[in-house]
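Peer 1: The chain contents come next:
2 protein chains.
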Amino acid sequence: MYWSKFFIPTLKEDPIGTEAVSHRLLLRAGLVHMLTSGVYSYLPLGLKVLRRIERIIREEMEAVGARELFLPCLHPLELWKKTGRDQVLADVMIKFQDGRGRSMCLGPTHEEVITDLVKDFVKSYRQLPVVLYQIQTKFRDELRTRFGIVRACEFIMKDAYSFDRDKEGLKKNYQLMFEAYKKIFARCGLDTLILEADSGAMGGDVSHEFMVPASIGEDHVLLCPSCGFHSGLHGPKEEDGLCPQCRKATLTKQVAIELGHIFQLGTKYSLAQEAYFLDEDGQKKPMIMGCYGIGVSRVIAAIIEKSHDEKGIIWPRQVTPFDIEILPLHASGQDEEIVTLASRYHDELTQAGFDVLVDDREDTPGRKFNDADLIGIPLRVIIGRKNLVNGKVEIKNRQTQEVILVDKHEVIKTLSSFL
Amino acid sequence: MYWSKFFIPTLKEDPIGTEAVSHRLLLRAGLVHMLTSGVYSYLPLGLKVLRRIERIIREEMEAVGARELFLPCLHPLELWKKTGRDQVLADVMIKFQDGRGRSMCLGPTHEEVITDLVKDFVKSYRQLPVVLYQIQTKFRDELRTRFGIVRACEFIMKDAYSFDRDKEGLKKNYQLMFEAYKKIFARCGLDTLILEADSGAMGGDVSHEFMVPASIGEDHVLLCPSCGFHSGLHGPKEEDGLCPQCRKATLTKQVAIELGHIFQLGTKYSLAQEAYFLDEDGQKKPMIMGCYGIGVSRVIAAIIEKSHDEKGIIWPRQVTPFDIEILPLHASGQDEEIVTLASRYHDELTQAGFDVLVDDREDTPGRKFNDADLIGIPLRVIIGRKNLVNGKVEIKNRQTQEVILVDKHEVIKTLSSFL
Numbered sequence: 001m002y003w004s005k006f007f008i009p010t011l012k013e014d015p016i017g018t019e020a021v022s023h024r025l026l027l028r029a030g031l032v033h034m035l036t037s038g039v040y041s042y043l044p045l046g047l048k049v050l051r052r053i054e055r056i057i058r059e060e061m062e063a064v065g066a067r068e069l070f071l072p073c074l075h076p077l078e079l080w081k082k083t084g085r086d087q088v089l090a091d092v093m094i095k096f097q098d099g100r101g102r103s104m105c106l107g108p109t110h111e112e113v114i115t116d117l118v119k120d121f122v123k124s125y126r127q128l129p130v131v132l133y134q135i136q137t138k139f140r141d142e143l144r145t146r147f148g149i150v151r152a153c154e155f156i157m158k159d160a161y162s163f164d165r166d167k168e169g170l171k172k173n174y175q176l177m178f179e180a181y182k183k184i185f186a187r188c189g190l191d192t193l194i195l196e197a198d199s200g201a202m203g204g205d206v207s208h209e210f211m212v213p214a215s216i217g218e219d220h221v222l223l224c225p226s227c228g229f230h231s232g233l234h235g236p237k238e239e240d241g242l243c244p245q246c247r248k249a250t251l252t253k254q255v256a257i258e259l260g261h262i263f264q265l266g267t268k269y270s271l272a273q274e275a276y277f278l279d280e281d282g283q284k285k286p287m288i289m290g291c292y293g294i295g296v297s298r299v300i301a302a303i304i305e306k307s308h309d310e311k312g313i314i315w316p317r318q319v320t321p322f323d324i325e326i327l328p329l330h331a332s333g334q335d336e337e338i339v340t341l342a343s344r345y346h347d348e349l350t351q352a353g354f355d356v357l358v359d360d361r362e363d364t365p366g367r368k369f370n371d372a373d374l375i376g377i378p379l380r381v382i383i384g385r386k387n388l389v390n391g392k393v394e395i396k397n398r399q400t401q402e403v404i405l406v407d408k409h410e411v412i413k414t415l416s417s418f419l
Numbered sequence: 001m002y003w004s005k006f007f008i009p010t011l012k013e014d015p016i017g018t019e020a021v022s023h024r025l026l027l028r029a030g031l032v033h034m035l036t037s038g039v040y041s042y043l044p045l046g047l048k049v050l051r052r053i054e055r056i057i058r059e060e061m062e063a064v065g066a067r068e069l070f071l072p073c074l075h076p077l078e079l080w081k082k083t084g085r086d087q088v089l090a091d092v093m094i095k096f097q098d099g100r101g102r103s104m105c106l107g108p109t110h111e112e113v114i115t116d117l118v119k120d121f122v123k124s125y126r127q128l129p130v131v132l133y134q135i136q137t138k139f140r141d142e143l144r145t146r147f148g149i150v151r152a153c154e155f156i157m158k159d160a161y162s163f164d165r166d167k168e169g170l171k172k173n174y175q176l177m178f179e180a181y182k183k184i185f186a187r188c189g190l191d192t193l194i195l196e197a198d199s200g201a202m203g204g205d206v207s208h209e210f211m212v213p214a215s216i217g218e219d220h221v222l223l224c225p226s227c228g229f230h231s232g233l234h235g236p237k238e239e240d241g242l243c244p245q246c247r248k249a250t251l252t253k254q255v256a257i258e259l260g261h262i263f264q265l266g267t268k269y270s271l272a273q274e275a276y277f278l279d280e281d282g283q284k285k286p287m288i289m290g291c292y293g294i295g296v297s298r299v300i301a302a303i304i305e306k307s308h309d310e311k312g313i314i315w316p317r318q319v320t321p322f323d324i325e326i327l328p329l330h331a332s333g334q335d336e337e338i339v340t341l342a343s344r345y346h347d348e349l350t351q352a353g354f355d356v357l358v359d360d361r362e363d364t365p366g367r368k369f370n371d372a373d374l375i376g377i378p379l380r381v382i383i384g385r386k387n388l389v390n391g392k393v394e395i396k397n398r399q400t401q402e403v404i405l406v407d408k409h410e411v412i413k414t415l416s417s418f419l
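Here the protein sequences line up with chains W and D, keeping their order.
For the first sequence, my numbering gives the first residue as 1, with consecutive numbering after it.
For the second sequence, my numbering gives the first residue as 1, with consecutive numbering after it.
Please note that a few of the clues may not be correct.
Since copy identity is lost for identical chains, a pair holds within one copy or between any two.
[What the hints assert, rightly or not] Simulated crosslink set (DSS-like; lysine-lysine; CA at most 27 angstroms straight-line):
1. 172 x 396
2. 386 x 172
3. 284 x 5
4. 95 x 81
5. 172 x 5
6. 95 x 82
7. 5 x 119
8. 248 x 386
9. 311 x 123
10. 284 x 12
11. 396 x 82
12. 5 x 167
13. 182 x 5
14. 171 x 5
In short, the hints are calculated from the structure, not lab data.
Since we're looking at a predicted model, the values are computed, not measured.
Next comes chain W alone, as it looks inside the complex:
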């Protein structure tokens, strides 16, 4: 891909009104655009990152037997009245009456809708377990939107739901999801803290949160610097306490962001919505449910919070929008040999399976270097006249800032060995 044919509107200056590094860099690197407070568009570069994260999530969901579907945004409010969550979530729910007088809402989550769907089809224990997931937009009427895409009115979530015959089935699916979540976050380059948590508005007994320490967080965790023990912060009394595992160490309080939350829901929804099945013994029983969410938009913000420097983003390999950026540098005007070489590298690296971006703009080397640091592609090939007279080009690692000089014929081979 060529910069001039893509759409990467980087900003020369820091945007105003951003509290968080990730929010600032998302805007400045041309990844997102704000339509109105709490509502963002994903620009082509941001969408590429989103798609890479979605792909990791899909692979891990499919690996544990979850199947993808796509549920609607528009929900009849009637359905939410069955579980009483039209009241519980009243503050964040966007409601309206449609032209034919139906009370509708925009889905802030999908437990009610998936239960309604599964109960229409699943009648017998033979059809269980069923595990379904989607990646879909959610809506919340947030009064205090914050940190860009972190706490927004419209955001992208992966939500999965399991339906089982019994508690053993639920526990098995819960454990599979638990392990899948660990893999997903690890593949995104994130170290998560896993906390037993309160089930809140979701209901159910057991739940776990997947948190990443980051200044954009709105939650707190207590961490032991000696042994790595951590726990959620549920009240002021826990603050400054001792670590229960190594008695002398003091727990430190840290801000963290919640990226995932999984719940053993039990029968809350199946009872309220009459999602019954006939068991082997001929008895009518409520399905035993679990639900499993990941804030996909939040994952992007968390990655940037964790992986950046003063110059810009440093994408981990697995989620970078492009693998390699090629910078043809021109002292004045277009240098034919450099242009040709850039386009040859582009074609050969693409052929070799890499996703390659060429900054073909007629711009100064300075601007190109700054933008390359800003958008944070892991590896960079710099083609300049000074080195080219000796038959060399530079390869630069965005993270380590390490630069090596390579023979111009060895570029493909060298890069292939890196990736």
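Put chain D on the given structure of chain W with help from the hints.
Peer 2: Just chain D, lined up with the frame of chain W:
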């Protein structure tokens, strides 16, 4: 993939209340589920079809230089007031006030939002042309929803937008889109009629509709049975007229469904929203816009309308959810040799790049044959005891109903030669 591990809730009986064949088959084959009138979920099999169509669209959009982004569903009504379309589209627009008192609406289309985005970034003729597209959910407050996913309150569209310096640029991008649309529909197995059309609520001078004759249509076209001449039906006087090209032939009126509509918008939005750029001559000029829509959900319905028989759907190769279905048949209980062979074919065909479904349910051959006809996978491998004693299995073509007997060791080779 195995049927027992997927989620394909086929219905034994026709659902009630469906006027259209496609609506009936979408429900019966377990492709979609109705949440409430005009609002549908895509089940895993339906989502696979949707993804295949989306992939064709993306490939053809990228081929003409359009870049994908993802715009929000929530729009500030303020933006729509600038173009006056809060009034023009008032009947179908879903509006609400959020918690902080902002007047918002759900996007029925995205001209206002994309213009707002592009004007923030594009300041100079050097940055033009810009062509962007998205595949995103749209919302319409339809009083009379019809034909399932055809006229719904929530539906999936591909919408592209071009921004040019001048009319020549617009015409060039319009022509590229025109050709891309022909390819997209052809690849979906659809013969489209292309009509010059009225620009309606979109505005602008020139527009073309891509229509497919189908009983679910809500438009009409006049067709000449002799020469293929066709035109839109704009008034009763045209009915029963003569074909202008072959003077003696009478035009016949036909119901058709609109799948695509492209518009040369000109400056309607850029003037109203002040989307100006500085041209080479230093003059401030409004960008010249085009917009290009495809009703993605509708494409699915149109394909089914065109490609089915009394037993079910017949998927064209390019959009089928699976390439091959394997039916292991059991007279009574599980036949080990048949189970093993089915799983071997599954693995080897998957290895060879096919998307394979095995109906591994413990069900009667009759039920399996009926469901296979219903879900309409193009090629079917039938493994039954009767043929297997002679070392043979059957390969059946869903469309032609042709059956050939093949040596059990020749299955992969034979199928590879078909596809």
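Peer 1: State for each hint whether it applies.
Peer 2: Do the hints match the structure? See the list:
no.: 1; hint: 172 x 396; verdict: neither (46 angstroms within a copy, 39 angstroms between copies)
no.: 2; hint: 386 x 172; verdict: neither (61 angstroms within a copy, 40 angstroms between copies)
no.: 3; hint: 284 x 5; verdict: between (60 angstroms within a copy, 23 angstroms between copies)
no.: 4; hint: 95 x 81; verdict: both (13 angstroms within a copy, 22 angstroms between copies)
no.: 5; hint: 172 x 5; verdict: between (48 angstroms within a copy, 16 angstroms between copies)
no.: 6; hint: 95 x 82; verdict: both (16 angstroms within a copy, 25 angstroms between copies)
no.: 7; hint: 5 x 119; verdict: between (48 angstroms within a copy, 18 angstroms between copies)
no.: 8; hint: 248 x 386; verdict: neither (60 angstroms within a copy, 76 angstroms between copies)
no.: 9; hint: 311 x 123; verdict: between (57 angstroms within a copy, 25 angstroms between copies)
no.: 10; hint: 284 x 12; verdict: between (64 angstroms within a copy, 22 angstroms between copies)
no.: 11; hint: 396 x 82; verdict: neither (58 angstroms within a copy, 47 angstroms between copies)
no.: 12; hint: 5 x 167; verdict: between (54 angstroms within a copy, 20 angstroms between copies)
no.: 13; hint: 182 x 5; verdict: between (37 angstroms within a copy, 23 angstroms between copies)
no.: 14; hint: 171 x 5; verdict: between (50 angstroms within a copy, 19 angstroms between copies)
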